[in-house]
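There are 2 protein chains.
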Amino acid sequence: MKAVEKLARAVENIDSLLCVGLDTDIKKIPKFLLKKKDPVLAFNKKIVDATSDLVCAYKLNMAFYEALGLSGIISLKKTMEYIPKNVPVVLDGKRGDIGNTAQKYAAAIFDYFRADATTLNPYMGEDSILPFSEYREKLSFVLCLTSNPTAREFQFLKNSGKPLYLQVADRVKRWNKNKNLGLVVGATHPGQIKDIRKAAGRMPFLIPGVGSQKGDLGAAVKYGSAGGALALINSSREIIYPSSGKDFAVQARLKAIQLYQSINLARN
Amino acid sequence: MKAVEKLARAVENIDSLLCVGLDTDIKKIPKFLLKKKDPVLAFNKKIVDATSDLVCAYKLNMAFYEALGLSGIISLKKTMEYIPKNVPVVLDGKRGDIGNTAQKYAAAIFDYFRADATTLNPYMGEDSILPFSEYREKLSFVLCLTSNPTAREFQFLKNSGKPLYLQVADRVKRWNKNKNLGLVVGATHPGQIKDIRKAAGRMPFLIPGVGSQKGDLGAAVKYGSAGGALALINSSREIIYPSSGKDFAVQARLKAIQLYQSINLARN
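Chains as they are written, first to last, in the working numbering: chain H, 8 to 275; chain C, 8 to 275.
There's no promise every hint is true.
Which copy? The list can't say, so a pair holds if one copy fits it or any two copies do.
List time: in silico DSS-like cross-link candidates among lysine-lysine, alpha-carbon distance up to 30 Å [claimed, not checked]:
no.: 1; residue 1: K34; residue 2: K9
no.: 2; residue 1: K43; residue 2: K165
no.: 3; residue 1: K184; residue 2: K165
no.: 4; residue 1: K262; residue 2: K44
no.: 5; residue 1: K180; residue 2: K165
no.: 6; residue 1: K85; residue 2: K169
no.: 7; residue 1: K221; residue 2: K52
no.: 8; residue 1: K43; residue 2: K180
no.: 9; residue 1: K9; residue 2: K229
no.: 10; residue 1: K180; residue 2: K205
Worth flagging that the hints you see were computed from the coordinates, not collected in a lab.
Everything numeric in this text was worked out from a predicted model, so none of it was measured.
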């Protein structure tokens with residue numbers, strides 16, 4: 008099944024736009040898990056068990072796993088295998104390189120880790136995106152307007168009156184011949200999401216920034232899913248680290264329920 | 008020792024600006040190596056043995072190793088350990104993410120793999136660069152003007168008359184408080200390298216694109232090293248795959264000597 012269909016099905020069946028970010032930091036997980044052979048995997052399994060009926064997708068940020076070297080790669084691979092097959096997984100790597108190199112990154116993400124979707128950086132242009140979009144059954148979200156404070160340094164620069172993030176949205180829409188590209192749009196820019204949706208047509212949005220980064224959930228939901236488009240509202244730190252006690256997974260579930268309900272309130 | 012000093016020393020001692028890219032593709036290495044337990048490592052060792060007296064640095068592109076999953080990470084780590092301590096290594100990952108994530112990528116590249124230097128993507132602004140520049144003894148090259156054909160799609164967009172690649176050069180110069188940032192500038196843009204050098208002051212340049220991508224070696228050397236600045240002239244495919252026979256390392260050495268000599272002719 009194509010990743011976009013798998014995602015649409017998950018959104019419908021679970022009635023959810025919630026994407027939980029498994030950005031698992033070994034320094035932040037409950038201390039008692041450090042006795043386990045693979046603490047990161049043990050943590051992820053409990054979080055997945057506690058939330059998989061609430062999410063339309065999981066997002067795993069590769070950096071948190073790479074920082075642990077070989078053992079992190081093992082935890083990542085095993086987590087990917089553990090997540091139920093009907094839940095799409097975004098492997099968030101923000102890769103971007105020349106064509107022959109982008110092919111190798113795509114092989115790592117789609118063939119080795121078997122992710123459904125990924126994130127890409129547009130700086131180097133279409134060459135760096137094509138090897139990913141050629142995986143027709145997969146989905147790639149290209150950075151458009153990011154959620155971090157210094158996003159505006161380059162992304163807001165205007166050319167012929169149009170900021171870089173809209174230039175990116177326009178190009179990605181043009182590159183989207185296989186209907187498997189989307190955009191990353193931070194919820195911290197409520198004033199801009201509307202314009203990006205207008206430029207992007209119905210391309211799926213991956214929207215980070217509603218949790219610790221204090222983005223605008225209302226605007227994220229409204230413009231993210233405008234016209235029936237797919238939108239993944241992601242939260243990582245705020246969901247997965249509410250407690251360092253034995254009850255961490257229960258507390259994470261409660262956080263996930265809260266956000267799930269807030270999103271669905273905003274949808275209606 | 009700081010990476011910039013290590014690099015300056017290597018450039019002087021070896022009288023070389025040549026950086027050999029170990030972008031080792033298991034599909035392109037001599038077939039007889041596939042009998043080895045770790046063919047990629049075996050290939051890299053032979054190339055390093057055959058070229059380490061000719062280079063000021065090696066560059067390893069992470070994608071080629073990640074594509075092989077766990078075994079690729081092992082090959083990468085072991086290659087990093089094998090390269091002589093006096094030769095600086097650029098671990099080329101072109102990472103770029105929000106602050107807390109960039110910290111993790113920096114830990115992977117500098118703490119786990121123990122690289123001297125890396126490459127970064129500027130799209131998300133200073134947040135994504137700072138966690139790297141805070142490793143004061145390391146060196147990070149930020150993508151400015153890349154060597155690939157579609158580089159111009161975004162990098163040439165002008166704001167107030169100044170193209171994005173020069174906006175990036177200006178910003179990186181401002182961020183460079185720890186004197187450990189440089190720029191990636193493709194040799195395929197000879198007309199632009201001069202302007203970038205002017206904007207960048209004496210920041211080190213990493214210059215890809217002189218090999219298979221047919222960039223302009225003369226302009227790369229002239230403006231790369233103008234005013235005594237550090238410049239790494241990188242070639243990967245063209246150096247490491249000249250032969251698929253038993254003599255592959257000897258042939259790679261001959262290719263490296265040719266480029267080493269061409270670079271030094273252009274320097275004088």
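Against the structure, the hints come out as follows:
When the C-alpha separation of K34 and K9 is checked against a cutoff of 30 Å, the pair qualifies only between copies, where the shortest distance is 28 Å, while the shortest distance within a copy is 36 Å. Taking CA atoms no more than 30 Å apart as the test, K43 paired with K165 passes in neither setting, with 51 Å inside one copy and 54 Å between copies. In the homo-oligomer, the alpha carbons of K184 and K165 lie at most 30 Å apart both inside one protomer (26 Å) and across protomers (27 Å), since each shortest distance falls under that limit. In this assembly of identical chains, K262 and K44 lie within 30 Å of each other by CA distance solely inside one copy; the values are 27 Å within and 47 Å between copies.
Taking the closest pair of Cα atoms, K180 and K165 come within 30 Å of each other both inside a single copy (19 Å) and across two copies (21 Å). Taking the closest pair of Cα atoms, K85 and K169 never come within 30 Å of each other, the shortest separation being 43 Å inside a single copy and 47 Å across copies. Within a single copy, K221 and K52 get their C-alpha atoms as close as 27 Å, which meets the 30 Å cut-off; across copies the closest is 49 Å, which misses it. Neither within a single protomer nor between protomers do K43 and K180 lie at most 30 Å apart by alpha-carbon distance, with minima of 46 Å and 46 Å respectively.
In this assembly of identical chains, the alpha carbons of K9 and K229 lie at most 30 Å apart only when taken from the same copy (25 Å versus 50 Å across copies). In the homo-oligomer, the alpha carbons of K180 and K205 lie at most 30 Å apart inside one protomer (11 Å), although the nearest pairing across protomers, at 36 Å, exceeds that limit.
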